[in-house]
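Undergrad: These are the residues of each chain, in order.
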Amino acid sequence: MLTKESRTYKLAKAALLAVLLAVTPVTGILKAQTRPLPGAQKQEEDPLSVLYKAAEKSLEEKKYKEALAQFEELDAKAVDVEPKLKAVVTFRKAVCHFFIKDWPRAQTELTAFLDKFPKGTEDFFDGDNRRGTAELLLIEAFSKQGKWELALARLEKIRTNTLARPEERVNAFTLSAQIIVDRVKSSPDEAKRAAYAQAISLLKQATADGIATPERREAAYKLVEMYTKLGLTKEATQLKNEIDAKSNGSPVEIVRSNFQRLEIGDARFAAAESAADENFRADFYRQALTNYQGTLRRANLTSSFGRAIEAKNAEVETLTKNFPKPNPEQAANIEKAKQEVAQFKKIQDEFNANKDYDAFISYRIGLCLLELKRPWEAHVAFLDIFENSPGFSRISGAYYYHILALRRIGRNNEAQAKCKEFISKFPKDDQVSAIALILGDISQEREEFPEAIGHYKWVLANVKNLTPEVQEEIDFRIAACLFSQVDWAPAQKAFEEFLKKHERSPVRQQVLYMNALCSFFQGKYKETKVDFDKYEQEYPKGQFIPDVRYRQAIVKFGVNPPDIAGTIKLCEDWLKDFGKTNTDDVIAQTPEVYTLIGDANIRLADELDKKVKAADLELRANAKSADKAKYVEALAKVQKEKEAVTNKAIDAYEAAAKSARTNPQALEFVLGELRKLLPGRGEHKRMRDLFKEIFDWNHNDPKAMTYLYEVIRSTERMGDMPEFAAESEKIRKKFSAQLADARKKVDETERRDKVTKEEVDAAKAAVKKLSAELEAELAKVEARRQTSIADQKKRALKILSDAVSESINDRTQEGTEKLIVFLAEKLARKIKRVKPGVKPEPGAYTSADAEKELVKLLRLDEHRDSLVAQARGFFALGQLAVFTREPEKTAANFAKIAANYKAEELNPTILAMVGDSLLAKGDHKKAADYFGYILEHARSSEYADYGFAGLAEIAFAQKKYAEALSLCNEAIDNNILMAKELDLRFTRARALAEMAKYAEAKKEFEEIAKTKEWRGEKTAASLYWLGLMAERQATDEKGYAEAIAYYRRCFMTWKKYEVWAARSYFASAKLFATKLNQKDAAKQLLKEMLEKDRIKDTREAEEAKAYLLGL
Amino acid sequence: MRLSLLLPALALLTAASSPAQTFVFKGERWEINDPFKMDNSIPPKPVVDPKKGTINVIKGTIDRTSNQGGIEVTLTRKLSEVTEVVWPIPSRLKEAQANVSRGEPAKALDNVEAVLKFFEPIKNVPGSWWVKAAIVKIDALDRLENDAATAAFLDTLDKEEAAKLPEVATQIQLARLMQRARKGDHDAVVKEATDLLTKADSAELQARLHIVKANSLLASKKYEAAMTTYLRVPVFFGSETEFIPKALLGAARSFRGMDSPALREQKLEAISNRYLYDIIVSYPVSKEAEEAKKMLPKEERAKAEADQKKIAAGGPLPEGVIMAKPKLADEEKVEANK
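Chains as they are written, first to last, in my numbering: chain A, -7 to 1103; chain B, 11 to 348.
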């Protein structure tokens, strides 16, 4: 149910059908009769004959009243004539009455004709005695007077008369069906449905022998209509196709068939709108769409009309040419053909006048597609209206639905532009307020609040016919925008005004609540309490009660001095009352309540901390007094109290974190607090367990890696247990007294008179022994500590391994590669680095061990059948080698991926990394496969730029400069620039240079050269290229000097990039020698170049040596 | 009460024609043996009904045996005397069309040549399938990408009477346009196709032109414009089933081209994949379905293939698939040729 106004399309349709009705010729009986009446003279025409001709002429000219008078005069005068002539006059009078719509007299005259003249007009009109026509006209006259039963009775007679002409019987069936339907026009739906069913039964009999004649096709058309009305679309469509197949191609049939298709579509659309079942609804929309799509467009119809008119004109021309003096039959044929030309032209004109035809079809198609959840197609359908029928009468509807389609495909900017376009084009349209609301709504949704307020205010100021409901909604939205942009005072003012203006608003509860929040966020706690109390009073069971009660607790905490106990009490009551409530709001608020309890306890702890400090000072001051024990006790007491409240705070924060799955802000806050509290207290296990629980909520969460990192770190820290420190301390204490005694003894021995060297040595040996014992004891503890740390590190790796293993088989999980890199980095850190060429210590953890462990941790054996897992294994080893600085190993592992895997078996990360490696090795074909796959399938991934940069580099290397440029432009223009921005810009610059677009290239190279963040090899390369371009463009010494200046900057500043420095040196030397006639300078420069350690082994150096010899 | 609609409308309508293979001469109708209908013999021979006329291509005549008063008389009329042809679509022409959409242009050429040859003597007679066959041949040549052969055939066709028919003239223009597109003259192709679209008066031509235009837009990397142009085909010409898979494939490619990290939220790759899925499910034997399978990530490809099998076995249409259209009735096609 997208639209109500869609039904108005029926008006347009009815207009066209009315054309059909009006322009089709009446009957075939209008031909003039030239047979002389009895008694007529040969020379002078009989006056009766003249009168008859005049009457016929009047009839032909549709002057029915005049014709009737003439036929009546003729009837009165022609007394003594053959019965058939009398019959002709009676029939004509009846026809005149019929067209004058004088139904009673038409009925009388037709009844008289049928009763008095059993042979009808006999052979007067080309073999048809007109009784059949008279019957039909009489039936219509009955119908017009509502005499349904009489009409049906006459029709039944025809239907059951086996002697009647078959086509007359067919017409009788059709008319009966029509009358049955017409007579229930104002009846209830049930009666209508029964009538349709009855009509179907009759029409089926009419079409039982096929639809080869016009009469039967007419019956078939009616049958389609009935099927459609009863919702039997399948039958309707099937029969309609059959009728279309038999079509003679006349414009009348084309138009009729076309509109019938539209009717079927409309019926399906209406059925869809009222369908309760979602599945049926989609089916109905689909059927409606099929019919709308099958409808001919203006161009097709116009062309059919043109062809039909052309053919008819040709027919008229041929007939006129062949029969210059036509007999009556030929004249009638010519006349008939002319009438058809006129009729076709009229249909064409009427059709052309309906400018909205195509647009209406597009509109309907768009609506169906929107309902069928195909917004992109709907977008295209509505776009067609704007492009081809901007004057469409329902353009406002088209705008509205196009805007909906744009929003559904996520194109809010375009949707807003469309809203603005509409508002500026149709400021007085009925849809303006709705569209302006959408415009504001989009801004509001995108959190562009000032803009949204602007739009809403514009609506209030400019739209005059706003309903009170819309006005109220806008007032609320403005206040809500002010609220959302944290303009508390203006927001509060707006809410207060709203409450005054819309006392009984359905959003009053929300406004009261938001108004109180404005006070709350301004720190006006007194006012907040009043406002919240008011809310609680008005809505004791209101939807915001949980939040209100939570905020009341915050108010208690916020006043000075804070009411900590009151705060905690309110929070605990809150948990008691709402702890089991499962609404989303309450679930999201629970961590905030716990956090408040935590904060309150921390505040208590802070207060106690002051007391602890004071007690400590007291103790220190009275350390030597007799009351020392009392002070010690006092200090211990406050310390214990502080510890207790801190523990409560930690418990509360932990509960907050565990319940904050749907409240990321609260989660981040409490995790921050816990990160400060737990590690300092050595509670690594608690920390690990908490973060593990949070990590396990969703491994694909953007923050999952951070949580995992905490898990790993805490696990590792768990190894370094406080017990070890305590034990070491204990040992130290134990030995320190003994050592002190032993040292004292050494001192005393040395001071003693007549002490022997042996005695002193013995005392010293005792100290030494004690020291050694201490060291041995501490070493034992340290060894246990290290074992414990190693164990925990192992556990940490196991956790990481579990995380990787979980998704290693799923190619689409891009986060897996990040975990792999993390794991590789962890293992790389375990390796003890040695200088190149030096053998590692025996038993040391080497890169080979790390590789083995990595393979084990990735559980590659368990995933032997998974292609992607194996590929990830090679990737992991390659990454490990990156960390251990073994580029050959990286290349070798990546090469294994390249050799064994198709692009579609890998994900963008691996494709990008391996592609880059292949490119560096010069395997352009395979690299192009990988990069191409990224462009084809992963343009929105973080590695899309690798695809563009890689393919551009390959194209450049193959001298396909235009292609390289196009790829770079595409990436840069669409801002697909992450890690590869510099590469893309550099390749673009080079491609421009190679295409001799020097000015643009220069701009690009200069940009690269001057960007600090990009300082490095590309800076050197850019300077070289700037020199090269200057050289290529140079025509005189000045030009060459400019080139040399760039080369010089390169080799002077960027020696460490030997390739570019070497090229610059060599290029400068060549210019000196060949263009500036300075061979000595060239020689000197080359010598300088060849002395450089970094340069002398380059390819350029080899060339330079040879060149130098030739100078 | 709309009875008055019935009476005048009745007066307008004329008798419909029969769909059997018939040649109409002045004042006479002869049923003709269908040369494309073969018996089961090896090698198969055309089924000949002696009561029906048989065409003698060499003599340019039609011969028919008639029994008049117990005596068999052979009646002969010249092919040049035929004033109208009433002929359902020849099976080989139908096959040729299917070959084209399945990406078998060589087979299509083989089939279509037989039809062209048969209708050659009566190519300009109303109801002849020669023109349609010529258009299918253009299609087949286009699929072969044999520009020389295409150009030669178009030159020949240009000289024919049929070339004056607006739809044929436009088809020739269209074929030349496609040749230019292959040469990379995309800007001109887009411009010309846009002009031609205002003149084309059949749904088929409109659909073709949209695809040619969209192909050039895609090649020029104007992805958004290409997407909206491709999508016009399923949106407005949904009953032109032959072109839907091409359009859907093009739209899928355009969506991929439009994709970028900045538009990640629009999930354009998923939308593209959805079109590829639609092609595989709704048009499984088309050339485009093969292409779609290559483009679709393997997990989704497996799902699409499985769903297609379920649908082929009578399973329900998956939600959102709207492009699978019922074929037009055969009778409709017969009439459409007139």
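Hints in this document: simulated from the structure, not taken from any laboratory. Among the clues, some could well be false.
Computed footprint of chain B on chain A, listed as stretches where at least three residues anywhere in the stretch have a Cβ under 8 Å from a Cβ of chain B [as the list claims (entries may be wrong)]: (1) 191 to 198; (2) 960 to 967.
No more than 20 Å apart at the CA atoms, straight line, and that leaves these computed lysine to aspartate or glutamate pairs for EDC-like [claimed, not checked]: (3) A:K365 x B:E275; (4) A:K894 x A:E955; (5) A:K330 x A:E148; (6) B:K231 x A:D965; (7) A:K894 x B:E301; (8) B:K303 x A:E896; (9) B:K209 x A:E955; (10) B:K303 x A:D921; (11) B:K304 x A:E897; (12) A:K493 x A:E439; (13) B:K277 x A:E48; (14) B:K232 x A:E148; (15) B:K304 x A:E307; (16) B:K277 x A:E806; (17) B:K304 x A:E962; (18) B:K193 x A:D275; (19) B:K308 x A:E955; (20) B:K303 x A:E48; (21) A:K894 x B:E300; (22) A:K347 x B:D211; (23) A:K894 x B:D317; (24) A:K412 x A:E379; (25) B:K320 x A:E896; (26) B:K232 x A:E962; (27) B:K232 x A:E806; (28) B:K232 x A:D965; (29) A:K894 x B:E275; (30) B:K304 x A:E928; (31) A:K136 x A:E148; (32) B:K277 x A:E934; (33) B:K231 x A:E955; (34) B:K209 x A:D348; (35) B:K36 x A:E307.
Beta-carbon label-pair distances, calculated as ranges [unchecked claim]: (36) B:R274 x A:E182: 28 to 38 Å; (37) A:T100 x B:P176: 47 to 57 Å; (38) B:P54 x A:A306: 14 to 24 Å; (39) A:V42 x B:G37: 19 to 29 Å; (40) B:P54 x A:R400: 37 to 47 Å.
By construction, the Cβ of each residue, glycine as well, lies at the ideal position given by its N, Cα and C atoms.
Undergrad: Each hint needs a verdict: does it hold in this structure or not?
TA: Evaluated hints:
Coverage of the region 191 to 198 of chain A by chain B is violated [criterion: at least 3 residues with CB-CB distance below 8 Å; count 0]. Interface restraint, the region 960 to 967 of chain A with chain B: holds (3 residues with C-beta to C-beta distance below 8 Å; minimum three). Pair hint A:K365 plus B:E275 holds up; C-alpha atoms about 17 Å apart against a cutoff of 20 Å. A C-alpha spacing of about 24 Å is found between A:K894 and A:E955, which places the hinted pair above 20 Å, so the restraint is violated.
This hinted pair does not check out: A:K330 and A:E148 have alpha carbons roughly 37 Å apart, beyond 20 Å. For the proposed pair B:K231 and A:D965, the alpha carbon gap of about 12 Å is at most 20 Å, so the pair holds. Pair hint A:K894 plus B:E301 holds up; C-alpha atoms about 17 Å apart against a cutoff of 20 Å. Taken as a hint, the B:K303 and A:E896 pair is honoured in the structure, with Cα atoms around 12 Å apart against an allowance of 20 Å.
Between B:K209 and A:E955 the alpha-carbon distance is near 35 Å, which puts this suggested pair outside the 20 Å criterion. A hinted pair counts as satisfied when its Cα atoms are at most 20 Å apart, and B:K303 with A:D921 qualifies at roughly 17 Å. Note on B:K304 and A:E897: the hinted pairing holds, with a Cα-Cα distance of about 12 Å set against a maximum of 20 Å. Between A:K493 and A:E439, the direct Cα distance comes to roughly 26 Å. Violation of the 20 Å bound is thereby established for this hinted pair.
Restraint check: the Cα-Cα separation between B:K277 and A:E48 comes to about 74 Å, which exceeds 20 Å; the hinted pair is violated. At most 20 Å may separate the alpha-carbon atoms for a hinted pair to count; B:K232 and A:E148 exceed this at roughly 67 Å. Taking the CA atoms of B:K304 and A:E307, the gap is about 56 Å. The hint is violated against a cut of 20 Å. Between B:K277 and A:E806 the alpha-carbon distance is near 16 Å, which keeps this suggested pair within the 20 Å criterion.
The straight-line distance between the Cα atoms of B:K304 and A:E962 is roughly 24 Å, outside the 20 Å bound, and the hint therefore fails. A distance of roughly 44 Å separates the Cα atoms of B:K193 and A:D275; the hinted pair therefore is violated under the 20 Å criterion. Proximity of B:K308 to A:E955 is assessed by CA-CA distance (about 29 Å); at most 20 Å being required, the pair is judged violated. Straight-line distance between C-alpha atoms of B:K303 and A:E48 comes to about 73 Å, which puts the hinted pair past the 20 Å bound.
Simply put, A:K894 and B:E300 have alpha-carbon atoms about 18 Å apart, close enough for the 20 Å limit, and the pair holds. The hinted pair formed by A:K347 and B:D211 meets the criterion: a straight-line CA distance of about 17 Å does not exceed 20 Å. The hinted pair formed by A:K894 and B:D317 fails the criterion: a straight-line CA distance of about 25 Å is larger than 20 Å. For the proposed pair A:K412 and A:E379, the alpha carbon gap of about 17 Å is at most 20 Å, so the pair holds.
With a C-alpha separation of about 25 Å, the suggested pair B:K320 and A:E896 falls outside the 20 Å cut-off, and the hint is violated. The hinted pair formed by B:K232 and A:E962 meets the criterion: a straight-line CA distance of about 10 Å does not exceed 20 Å. Between B:K232 and A:E806, the direct Cα distance comes to roughly 29 Å. Violation of the 20 Å bound is thereby established for this hinted pair. Straight-line distance between C-alpha atoms of B:K232 and A:D965 comes to about 12 Å, which keeps the hinted pair within the 20 Å bound.
Of the pairs offered as hints, the one joining A:K894 and B:E275 is violated, with about 28 Å between alpha carbons and a cut-off of 20 Å exceeded. Among the hinted pairs, B:K304 with A:E928 is consistent with the structure: their alpha-carbon atoms are about 11 Å apart, no more than 20 Å. For the suggested pair A:K136 and A:E148, the alpha carbons sit about 18 Å apart, so the restraint of at most 20 Å is met. In summary, the hint linking B:K277 to A:E934 is supported, as the alpha carbons are separated by about 14 Å, within the 20 Å threshold.
For the proposed pair B:K231 and A:E955, the alpha carbon gap of about 12 Å is at most 20 Å, so the pair holds. Between B:K209 and A:D348 the CA atoms are separated by roughly 19 Å; this keeps the pair inside 20 Å, and the hint holds. The straight-line distance between the Cα atoms of B:K36 and A:E307 is roughly 16 Å, inside the 20 Å bound, and the hint therefore holds. Taken as a hint, the range 28 to 38 Å is violated for the pair B:R274 and A:E182, whose Cβ atoms sit roughly 55 Å apart.
In this structure the hint that A:T100 and B:P176 lie 47 to 57 Å apart at CB holds, the actual value being about 55 Å. Judged by the Cβ atoms, the range 14 to 24 Å given for B:P54 and A:A306 is violated: they are separated by roughly 44 Å. For A:V42 and B:G37, the hinted distance range of 19 to 29 Å is not satisfied, since their beta carbons lie about 41 Å from each other. In this structure the supplied range 37 to 47 Å is violated for B:P54 paired with A:R400, their Cβ-Cβ distance being about 56 Å.
Consistency note: the structure conflicts with the earlier hints numbered 1, 4, 5, 9, 12, 13, 14, 15, 17, 18, 19, 20, 23, 25, 27, 29, 36, 38, 39 and 40.
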